[in-house]
Amino acid sequence: MSTIKSLDELKKIRAQMKSATELREKGQDIEKLVQVKVSMGTCGIVAGARETLDGLMEEVKSRGIDNVVFTQTGCMGYCHSEPTVEITLPGQDPVVFGDVSGNRISEIVERYIVEGELVDGVIPVAYKTIHE
Amino acid sequence: MTDVKMHVLVCGGTGCMSSKSQEIIDNFRRCLEERRMDQEVKVIVSGCFGFCEKGPIVKIAPDNTFYVQVTPEDVEEIVEEHIVKGRKVPRLLYVDPKTSEHISDSKHMDFYKKQMRVALRNCGFIDPENIDEYIARDGYMALGTILETMTPAEVIDKVKSSGLRGRGGGGFPTGLKWEFASRYSSEQGKYVICNADEGDPGAFMDRSILEGDPHSIVEAMSICGYAIGADKGLVYIRAEYPLAVKRLRGAIESARSTGLLGKDILGSEFSFDIDIRYGAGAFVCGEETALIHSMEGERGEPTSKPPFPAEKGFWGKPSNVNNVETFANVPAIFLKGPDWFSSIGTEKSPGTKVFALAGKVNNVGLVEVPMGTTLREVIFDIGGGIRGGKRFKAVQTGGPSGGCLTEKDLDTPIDFDNLLAAGSMMGSGGMIVMDETDCMPAVAKFYLEFTVEESCGKCTPCRVGNKRLLEILEKITEGKGTMEDLKILKDLSGVIKDTSLCGLGQTAPNPILSTLDKFWDEYVAHVEEHRCPSGKCRKLISYRIDPDLCRGCTMCARKCPADAISGSVKEIHVIDQDKCVKCGACMDTCKFGAISKI
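Heads up: the protein sequence lines correspond to chains A and B, in order.
Under this note's numbering, the first sequence has 4 at position 4, and the numbering climbs by one with no breaks.
Under this note's numbering, the second sequence has 109 at position 109, and the numbering climbs by one with no breaks.
Derived from the structure by calculation, the hints contain no laboratory data.
Don't be surprised by glycine CBs; every beta carbon is placed ideally from N, CA and C.
Take these hints with a grain of salt, some might be off.
What the hints assert, rightly or not - No farther apart than 20 angstroms at their CA atoms in a straight line, the calculated lysine to aspartate or glutamate pairs in the EDC-like style are these:
#1 A/LYS18 - B/GLU129
#2 B/LYS85 - A/ASP8
#3 B/LYS263 - A/ASP8
#4 A/LYS26 - B/ASP138
#5 A/LYS26 - B/ASP63
#6 A/LYS5 - B/ASP63
#7 B/LYS107 - A/ASP29
#8 B/LYS88 - A/ASP29
#9 A/LYS18 - B/ASP138
#10 A/LYS18 - B/ASP132
#11 B/LYS114 - A/ASP29
Said to hold, decoys possible - Derived coverage of chain A by chain B (criterion: at least 3 residues anywhere in the stretch with Cβ under 8 angstroms from a Cβ of chain B; other residues may be distant):
#12 11-21
#13 24-34
Pulled out of the complex, with its shape left as it was, chain A reads as follows (with noise of 0.2 angstroms):
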């Protein structure tokens, strides 16, 4: 690193590097956070899982939205409606979308994250796992 010569460099630089902690800052109130998962099983990579987890990445970036993490996660079993996200608003249960690409990656940031509201093509839960 060049050498930072004032205060206000110093806080540039502090603005900058903000992004190497975040992660682990966030992690320590999870709960109040928007968590994304994107499954990625086989089935979810070849139907665009990976396109879909870029785009979503894009989209709440651009958009400035600062409480998202994202994380991968294996096959749900909705190789049906691949790619599948399951997206947990804070305080809330867990939703998962599926066949989430193209248009539908700006239209569930844009009205499930940001404005909390449900969209079309939300997969019912169907089973129940052994932590319930």
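Model the placement of chain B on the given structure of chain A, informed by the hints.
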């Protein structure tokens, strides 16, 4: 795509490193590379998380999963299950001993619930070898703001009004110390000295701070330099802390190359640089005058004060000596304000204190709590109570200079004054817990052995007096003591306290005095009945085989390392008391409960 979506933090403190955490780190990097995920998942070597009992620790962000006792072989599974598939690995999660539930998030563990991390704020969170991560956490902002907006006198005032007291043991107000140092002027320079000579048995607070967040010390020393008008900083650190030395040296170099150390820092006219001096590991060198002599290349012997280092310190120049943990608090005070700091803790001891919790507790580790937290909370809530379901007997605080506290002191709120009033002291923060099997005269003997070994020998009370105290304790634990000896112990202790030259000698008899005071009956049992109530003193116990219970299985005879047990198959065995070394191996081996300790 290069967006980082996950962080894997692996503890890189000395404790976890010795349990193969380097191998864990390497495995993570390799596994992630194999899966081409090394761009998306960042592996960070962090400082100590504090929960050393359960190390090595691996933490995953952003879902804040806390894996304990991870082995290099577990890495594959964590990557495959957690990172690739998003499923936690339950067998590596912490299990609450009370509820037997798996807890995935450190925030919900009893060990962390009552803690408040100020000095340790970045330990276990950032990569200590990366200055950017420190800057991201507001690093060097306190220094920058001070240089731009405050006069040295204002800096000292802020430290004074925060009420910060020296964390090295004495508890002297830090702001006042800085003010003294600022008053003396010297043409040839002034020094800021960081005391990283951590010598108390069982203590590792300072080492962990230097390993986990070295930049906070560099920043704080610079702030102190600006406040007192010094341009040179020195860290006196034990050479046997190689990892702390390496991280500190790295921090100094990166601060220097970034312009945060050196000439005209951040465009101000203030110049400051830091050097490291190595100590050979002598307890007395933690005392500031001895420390200074050691740095000058002289023998590490104390001299009487005054003159204080503030007036005549390193090479006779005005010097200000603070301990590592004291410095670690300084940037936080300026970032959050002195009022915030003084609102934590107790009125006369604001802030938090880091303790190295060790001994017979379930959760050994590094613990930071607000002052005023009770001993009971630290030992039972955070420490998880006594190991093996045994009964609590005593807690030793303050290292060899401190004393033992008992059951009835458990509700004492911990701060400098309360601990002194209870008959012990804060010290640098070692906290050793003892259970019913610990013998108090033997504990006193342990500490005396330490101080006798560490005495520099300069003054007679310490050199000769402590040796005599140790001899008497040896007599007592061998069952050869008399009531007269107990009286001599007490009287001689008083003389040594009054007449020794430095803190080491003045406090050396404290473990004796406090155990005499609180466990008098135990001393009397050793002296009058030649009996060790906790069954610890080898000379006073013997092992016997109950002829009615012995089946002649020969197990004990085969296990005995001293060939002290005789008897043939299916015959009753006998222990030869003269040969017996009292190791207890026979008792542990016997399946029929035929061997007992008396």
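Handout entry: 20 angstroms limit on alpha-carbon distance, applied to hinted pair B/LYS107 and A/ASP29
Key = holds (9 angstroms)
Problem - chain B over the stretch 24-34 of chain A, status - at least 3 residues with CB closer than 8 angstroms - result: holds (count 6)
Exercise for the section: Could you grab the alpha-carbon distance between A/LYS26 and B/ASP138 and see if it respects the 20 angstroms cut-off? Expected result: holds (16 angstroms)
Problem - Pair hint outcome, A/LYS5 versus B/ASP63 [Cα-Cα no greater than 20 angstroms] - result: Violated - the C-alpha atoms of B/ASP63 and A/LYS5 are around 37 angstroms apart, more than 20 angstroms.
Practice task
Mind taking a look at whether chain B covers the stretch 11-21 of chain A? Criterion is 3 or more residues with CB to CB distance under 8 angstroms.
Solution key: That given contact holds, which follows from 8 residues of the stretch 11-21 of chain A lying within Cβ reach (below 8 angstroms) of chain B.
Handout entry: Hint consistency between B/LYS263 and A/ASP8 [alpha-carbon to alpha-carbon, up to 20 angstroms]
Key = Within the cut-off at roughly 18 angstroms; holds.
Problem - Pairwise hint evaluation, B/ASP132 against A/LYS18, where the allowed Cα distance is 20 angstroms at most - result: Holds - the C-alpha atoms of B/ASP132 and A/LYS18 are around 9 angstroms apart, at most 20 angstroms.
Problem - Holds or violated: A/LYS18 to B/ASP138, with C-alpha atoms at most 20 angstroms apart - result: holds (9 angstroms)
Handout entry: B/LYS88 paired with A/ASP29 [C-alpha distance capped at 20 angstroms]
Key = holds (18 angstroms)
Handout entry: B/LYS85 paired with A/ASP8 [C-alpha distance capped at 20 angstroms]
Key = With a Cα-Cα distance of about 43 angstroms, the restraint between B/LYS85 and A/ASP8 is violated, given a limit of 20 angstroms.
Exercise for the section: Quickly compare the C-alpha distance for A/LYS26 and B/ASP63 to 20 angstroms and report which way the hint goes. Expected result: Satisfied, since the Cα-Cα distance of roughly 9 angstroms is no more than 20 angstroms.
Problem - 20 angstroms limit on alpha-carbon distance, applied to hinted pair A/LYS18 and B/GLU129 - result: Distance ~16 angstroms between A/LYS18 and B/GLU129 Cα, so the pair holds.
Hint compliance for this structure: hints 2, 6 are not met, and every other hint is.
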